[in-house]
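K.L.:
Line order of the protein sequences matches chains A and B.
Here the first sequence is numbered in the numbering used here, starting from 41 and rising by one per residue.
Here the second sequence is numbered in the numbering used here, starting from 2 and rising by one per residue.
These are computed hints drawn from the structure, not numbers from a lab.
You may find that some hints are simply not true.
Said to hold, decoys possible - Here are the simulated lysine to any residue pairs, SDA-like style, with alpha carbons at most 25 angstroms apart:
#	chain 1	residue 1	chain 2	residue 2
1	B	Lys155	A	Lys361
2	A	Lys361	B	Asp269
3	B	Lys155	A	Pro322
4	A	Lys361	A	Glu300
5	A	Lys361	B	Gln270
6	B	Lys155	A	Pro314
7	B	Lys155	A	Glu300
8	A	Lys361	A	Glu274
9	B	Lys155	A	Glu274
10	B	Lys155	A	Ser81
11	B	Lys155	B	Leu201
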Amino acid sequence: MILEVDGLKIHYSTRAGAVRAVDGASFAVPQGRIVGLVGESGCGKTTAVRAIMGVLAENGRRAGGRVVFKGQAIDEATTRKLLWRDIAYVPQSAMSSLDPVYTVGAQLVEVLTKRGNASRSAARARAAELFDLVGLSESRLADYPHQFSGGMRQRAAIAMALALKPSLLLADEPVTALDVIVQRQILDMLRTLQQRLRLSMVLVTHDISVVAYLCDDVVVMYAGQVIESGPVREVLARPRHPYTMGLRNAFPDLMSDALELVPIGGSPPDLSDPPPGCRFAPRCPFVLAACTTSAALMAGGGKQAHASACLRDDEALSLRKAAMDPATWQRSSNFAMS
Amino acid sequence: MATLVELRDVVKHFPVARSLGEVVRGEHPAVHALDGVSFDVGSGDAVAIVGESGCGKTTLGRLMLKLVEPTAGSIAFDGAPLAGLAGEGLRAFRRQAQLVFQNPFDALNPRFTIYRAVAEPLLNAGIDKAEHLDRVAAAFRRVHLPDLDRYLDKYPHQLSGGQLQRVVLARALVLAPRFLVADEPVSMLDVSVRAGILALMREVRDTMGLSAVYISHDLALVRYLCERTLVMYLGCIVEDGPTEEIVRRPRHPYSQALVAAVPVPDADQSRAPLPISGNVPDAREPPSGCRFRDRCPRAMARCAEETPVLRSIADGHRVACHLDLA
């Protein structure tokens, strides 16, 4: 494992009290694999990644848990030293990582000289090499960010993240703002780079199609907790947690025969006052009385380290069958809408 | 079926700042947002317009609502040219044609209560205030927010994204329009909530007999909304046909690339290289002939010389391409 996150808790202090954005999340990133961290807005996926990098917002703090990178427990201070050289970050909007008043080349050279202690001539040569690596022409180093298209900016942001040869890349929605053809080009490039440079990667996204296309493993988050994880093929084909089953039904699929998307009724809980027990219980069509008092721990049910946090995990097969029937979700949606 | 909206050879150019050289040479550079777009929206039809950023789809939506004027060509609503509308005729059109905004978090004034936001179009249309509450209540019932009292005095920040999008839709429906343009109506919503809004939009369309145009970059999504899809590329319609045909058997080389690029939630999907490379060209200087030709894997000499026009290849299916695609 290159990265292990164990029982991570991140709290934001707000006027309304502490918001438990991440509340006991555990997952691991095996060496040389791409792990998709997937969930809807507010599930804690971005907060978890920002906490790993030690760049939480000012009102956020780590309230518990451990982050272990290459066998060493890291905290906010030690993480800072690892940034760029060991752990690098690709943001959603490349505009936010590129300064509009400097050329892209100058910014790349600055990272290489200031952070990497390279000489200016070595940095310039390396910058050209990095541009080539991400499929940009060397001549574009002299351009300003606004002269780049969205896809080119994202390539430049990836080049910058790779500047000091990190072993772990954390990418937060790196293709979300892009058009589908450009998105595909960037995803293919990420896969190529991952293999060539033997990178490990965490890809934060809300899009399970992107996870299915690019990732090896997936970690599904809901309301600050990890509710299911395992190899992508396993989790998408045989989901074990009702939330993952519901997400799969609600997600548009260009190639499916079903012409009906099935919503999950209700909305995620308020994280300043989460419900006791399973956080998905108020929206779950398979809820039992026990679910509202105690939450299940992540348990391996299937093969290949496929695990889910559901009290009814041993019934996953029959729940999955029931979940395919839209009527199953109708009940919970009526219940939650009223 | 009767035609509700009719577009003929619609052109929209946006002027851009001129360089000194262009001023001296008397040139007027412009972004060619739309170049000769013609299609009809039948009464009760749902049409999707898909394409990448900059293809002109949003401009097209704005033109159909007379929020911008075309540079050339004509648009008619219910037989009446939009260009000639003024006074009462224009007000009547504004009541009948409504826009559903993209981002529910931005579409509502944060200082207005939900009631005021939804009643505002009634006020603007000069409808008697005594009728407002009933009309708002009817719109709320249509979008399945039955418990009116729970929402009316609330402010937008007190509602969830899904509830807000229902309110935005109620606002568009409060004048009982005949035509809706929805620009990326669910792109800001979470997956689990989005499906409910899509179903709602279909239901509202059917029960009210509305015609609707949905503008989206997401081909996978419009499948669940529209039986007919127009694919746009750089200001032109390249394919117009039944959505399922375009998804299963896209004919235009651009539609083929677009369909191939969409990822699906299945680990065993195709990862074959895309049939095209490069980027969308600059809309200030689009290529001659077919605008897709310099990225097209099957381009011929003719494609540079002659602009392909939309021609019928099957019932209700048109393609703008010189290749034999039937």
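K.L.:
Each hint should be assessed against the structure and marked as holding or not.
P.N.:
Against the structure, the hints come out as follows:
1. B:Lys155 to A:Lys361: At roughly 40 angstroms apart (the allowed maximum being 25 angstroms), lysine 361 of chain A and lysine 155 of chain B break the hint.
2. A:Lys361 to B:Asp269: Holds, at about 21 angstroms.
3. B:Lys155 to A:Pro322: holds (23 angstroms)
4. A:Lys361 to A:Glu300: holds (17 angstroms)
5. A:Lys361 to B:Gln270: Given that 25 angstroms is the threshold and the Cα spacing comes to 23 angstroms, the pair holds.
6. B:Lys155 to A:Pro314: Status holds; Cα separation ~23 angstroms.
7. B:Lys155 to A:Glu300: violated (32 angstroms)
8. A:Lys361 to A:Glu274: With Cα atoms ~16 angstroms apart, lysine 361 of chain A and glutamate 274 of chain A stay inside 25 angstroms; holds.
9. B:Lys155 to A:Glu274: With a Cα-Cα distance of about 44 angstroms, the restraint between lysine 155 of chain B and glutamate 274 of chain A is violated, given a limit of 25 angstroms.
10. B:Lys155 to A:Ser81: Status holds; Cα separation ~22 angstroms.
11. B:Lys155 to B:Leu201: At roughly 22 angstroms apart (the allowed maximum being 25 angstroms), leucine 201 of chain B and lysine 155 of chain B satisfy the hint.
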